[in-house]
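S.K.: Chain by chain, the residues run as shown.
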Amino acid sequence: MTQTGRGSLTQHNLQINFLELYRNDDRIFSEISFDLSEGQHLLISGANGTGKTSLLRVICGLTIPTGGTILWNQLATNNIDCRYHEHLAYLGHKNALIPELTARENLEYTFEGNRSINRTSSVLEAFGLNKYLDQYAEKLSNGQIRKVALSRILLSEKTLWILDEPVANLDTSGTQFLLAEMQAHLDQGGMLITTSNLNDQTLKPNSEINLDKA
Amino acid sequence: MNLKSIYKLGSPPLFYKLCIVLEPWYLISSILLIAVGMYGGLFVAPPDYQMGDAFRIIYFHVPSAYVSMMAYVFMAVSAIIGLTWRSNVAFSLAKSCAPIGASFTFLALITGMLWGKPMWGTAWVWDARLTSELILLFLYLAYIMLHLSIPDRSKADRATALLAIVGVVNIPIIHYSVVWWNTLHQASTISKFAKPSIATEMLWPLVIMILGYTLLFAAFLSKRTAAELAVREKRTRWLQTLIVGDKNNA
Amino acid sequence: MPEIFAMGGYGFYVWGSVLISIAVLVINWITAHKKFKSTINEVKSFISKDKE
Amino acid sequence: MMKVLRIIFLKDLKVSLRRWSDLLTSFILFVLVCLIFPLTLGNDPSLLLKIIGPVMLVAALLATLLAMQNIFRPDVLNGSLEQLTLNSYPLTLIICTKIFSFWVITSLPLILISGFIASSYYVTGNSILIVILTLLLSTPSLVHISALAAALTVAIRYPGALMALIIIPLSLPIMIFGAKAIEFSISGIDASAPLYFLLGMMFFTCSLGPVVTAAAIKISID
Chain V
1 MTQTGRGSLT QHNLQINFLE LYRNDDRIFS EISFDLSEGQ HLLISGANGT GKTSLLRVIC
61 GLTIPTGGTI LWNQLATNNI DCRYHEHLAY LGHKNALIPE LTARENLEYT FEGNRSINRT
121 SSVLEAFGLN KYLDQYAEKL SNGQIRKVAL SRILLSEKTL WILDEPVANL DTSGTQFLLA
181 EMQAHLDQGG MLITTSNLND QTLKPNSEIN LDKA
Chain S
1001 MNLKSIYKLG SPPLFYKLCI VLEPWYLISS ILLIAVGMYG GLFVAPPDYQ MGDAFRIIYF
1061 HVPSAYVSMM AYVFMAVSAI IGLTWRSNVA FSLAKSCAPI GASFTFLALI TGMLWGKPMW
1121 GTAWVWDARL TSELILLFLY LAYIMLHLSI PDRSKADRAT ALLAIVGVVN IPIIHYSVVW
1181 WNTLHQASTI SKFAKPSIAT EMLWPLVIMI LGYTLLFAAF LSKRTAAELA VREKRTRWLQ
1241 TLIVGDKNNA
Chain E
2001 MPEIFAMGGY GFYVWGSVLI SIAVLVINWI TAHKKFKSTI NEVKSFISKD KE
Chain G
3001 MMKVLRIIFL KDLKVSLRRW SDLLTSFILF VLVCLIFPLT LGNDPSLLLK IIGPVMLVAA
3061 LLATLLAMQN IFRPDVLNGS LEQLTLNSYP LTLIICTKIF SFWVITSLPL ILISGFIASS
3121 YYVTGNSILI VILTLLLSTP SLVHISALAA ALTVAIRYPG ALMALIIIPL SLPIMIFGAK
3181 AIEFSISGID ASAPLYFLLG MMFFTCSLGP VVTAAAIKIS ID
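Chains as they are written, first to last, in our numbering: chain V, 1 to 214; chain S, 1001 to 1250; chain E, 2001 to 2052; chain G, 3001 to 3222.
Hints listed in this document are in silico derivations from the structure and should not be mistaken for laboratory results.
The structure displayed is predicted, hence computed values, not measured ones.
Treat the hints with caution; some may be incorrect.
Stated by the list, open to error - Straight line, CA to CA, 20 Å or less: simulated SDA-like cross-link-like pairs of lysine to any residue: (1) V:Lys158 / V:Asn73; (2) E:Lys2034 / S:Arg1237; (3) V:Lys139 / G:Gln3069; (4) E:Lys2034 / E:Val2018; (5) E:Lys2044 / S:Tyr1026; (6) E:Lys2034 / S:Lys1155; (7) E:Lys2037 / S:Lys1155; (8) V:Lys94 / G:Lys3218; (9) V:Lys158 / V:Lys139; (10) G:Lys3014 / V:Glu138; (11) G:Lys3218 / G:Phe3203; (12) S:Lys1155 / G:Gly3079; (13) G:Lys3218 / S:Phe1043; (14) E:Lys2037 / S:Leu1018; (15) G:Lys3218 / G:Gln3069; (16) E:Lys2034 / S:Tyr1026; (17) G:Lys3003 / G:Gln3069; (18) S:Lys1017 / S:Arg1237; (19) G:Lys3003 / V:Asn73.
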């Protein structure tokens, strides 16, 4: 058994074997296998409705797959000793912002990880969110909501980022900043899984799964 | 019967074949038993000294009430097995139990009311047994409606399984609170159908009817479970060869 | 014969419960059977569609 | 761990207070259901004393049912509930905290006003305390049962009728014993037996309810 605690020298690793998902009688995807180590980026591409989001939700553990296994550091993620969720940050289509709270309260409403104040202000600065921090989330525009949600991921200090179409709704400068941040995360040994429509701008991935062919 | 052979029942092809093979036997034997039981209950058994011929309704009321409760427990046990082993067979069984159980509950209520009308003068008194039966009907309806309103099958299976388990834990509590409440309301009602000592010629038709109803339940359940399994497994080769026959392989 | 139907004055209730029991059970069997038939047809049409 | 639960608890309180109109609706429903009986039945003390037990509990059940439709729904729609299932803390405890904060917000006001409503039904002396105690012991069970129903139906668009169908049979024992406790104390009988039953049911639902509700949440957001 390998030592997998935080700060140990062992690298984190995510291994997916023959994942498949059926809903009622329809096949969403099947025979998905890949291996992701630190510093690697996996891109899941495909047209609308090919099951990109479903695949991400299965990888996160939100949806139970029909078949296949997900291993985090050689341990199945449904194993009680597996500390998968400690290292995972997920952002789907829903931005998980509570409309009745302000942007600041939404950002504070995460209870894991402690980031420096400098880092927080630089991220908010780059996204141009400083002016809007005390507005209720329901008053923000879609792009701003997305930026708040993304800031939460960027500030989370988690190893594995799973982002569903991260650049959707973002303006040019926001996109540039996000891509740079994602690159920096990979350089620090982070792991990244993203989806994109084929025409989206994104980082060059280490590996790619195209659901159109499957 | 060792553990391994029980485990094998979880395989859909085997269970499907078992359902198909056993269903006619269940049906025939239950029809025979019910015919004998009905003859015994309606013609052979002597009239009750207190209730006269009206007591013959128990030959229809007690078996359906018994099956309605047994079906709920069966459904909950299947639900637990389904949740633990994610077994399609167990989920199909649980789902098929619900409409059958609900119809037996309905029968128990109707015959109970038909019994109550001449005995108490009204079709409905808040008798503990009838009230619990009514609550059981609501639990069945909740199960069926929840299953209908969730479109994704595996999600519906698991959500309703939770409901069935919660229901089966609650049934004794509900039953005893109704009994307790009832004893406080009405000092003495003749709410017990079966007296402690019952004449043999009155008892044997009842036992046979209960047996017949149970087998009938098994017959309905096999038929419905086979149908449910067929829907779920329609992509598999074993079912396709079973249904289309050897043409498919040629 | 008539006294059997009369059931000591309780004929309506006794025969009523007999009839309703039989009716519900028969309907139950018919619906189960219909459901089975329609699923088999569904699977058959699914297979023929699959082959094309 | 406690810190995390405190954060969730305070945040739920804050959000619920900002959705004040929802909460006011259930509170108003409770008061109106309680008041409509004297208005329609007439001002006969003996009659009112007879019905206050069932009326109180039915009103509490309806108010809980109405309020609890929204315990998980908004969080599922905006996606924050799935984020709650993705952190490393046990979902059961998180759900437990959420239900507790909902109880504070929806049931405490009912309990506070129940004394006044009881006195308007000509209940006097110790019996007013028993009315308050009965609601205090029965609302946690009602809230937990409703939370389970809400979790099971959270993915359904119009869950109202289905929730009622799930909740009412399951909460029947609480209704029966709650009404009995109030009836006993008004007619001068020792009400401790039904109150002990309510206490037992409270422990039962509070310990097992969140486990089942957490499982239901995981299924519903699948």
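S.K.: For every hint, state whether the structure bears it out.
M.R.: Right, here's what the structure says about each hint:
1. V:Lys158 / V:Asn73: holds, 15 Å
2. E:Lys2034 / S:Arg1237: violated, 24 Å
3. V:Lys139 / G:Gln3069: Roughly 25 Å between the alpha carbons, so the hint for Lys139 of chain V and Gln3069 of chain G is violated.
4. E:Lys2034 / E:Val2018: violated, 24 Å
5. E:Lys2044 / S:Tyr1026: violated, 27 Å
6. E:Lys2034 / S:Lys1155: Between Lys2034 of chain E and Lys1155 of chain S the Cα gap is close to 26 Å, so the pair fails against 20 Å, i.e. violated.
7. E:Lys2037 / S:Lys1155: Judged against 20 Å, a Cα distance of about 26 Å means the pair is violated.
8. V:Lys94 / G:Lys3218: Given pair Lys94 of chain V, Lys3218 of chain G holds - Cα atoms ~17 Å apart, limit 20 Å.
9. V:Lys158 / V:Lys139: violated, 29 Å
10. G:Lys3014 / V:Glu138: Measuring from Cα to Cα gives roughly 15 Å; hence the hint holds.
11. G:Lys3218 / G:Phe3203: Roughly 24 Å between the alpha carbons, so the hint for Lys3218 of chain G and Phe3203 of chain G is violated.
12. S:Lys1155 / G:Gly3079: Between Lys1155 of chain S and Gly3079 of chain G the Cα gap is close to 18 Å, so the pair holds against 20 Å.
13. G:Lys3218 / S:Phe1043: violated, 56 Å
14. E:Lys2037 / S:Leu1018: Roughly 17 Å separates the two Cα atoms, so the pair holds.
15. G:Lys3218 / G:Gln3069: holds, 17 Å
16. E:Lys2034 / S:Tyr1026: holds, 18 Å
17. G:Lys3003 / G:Gln3069: Violated, because 27 Å separates the two Cα atoms, which is more than 20 Å.
18. S:Lys1017 / S:Arg1237: Since the Cα atoms of Lys1017 of chain S and Arg1237 of chain S sit roughly 14 Å apart, the hinted pair holds (cutoff 20 Å).
19. G:Lys3003 / V:Asn73: violated, 29 Å
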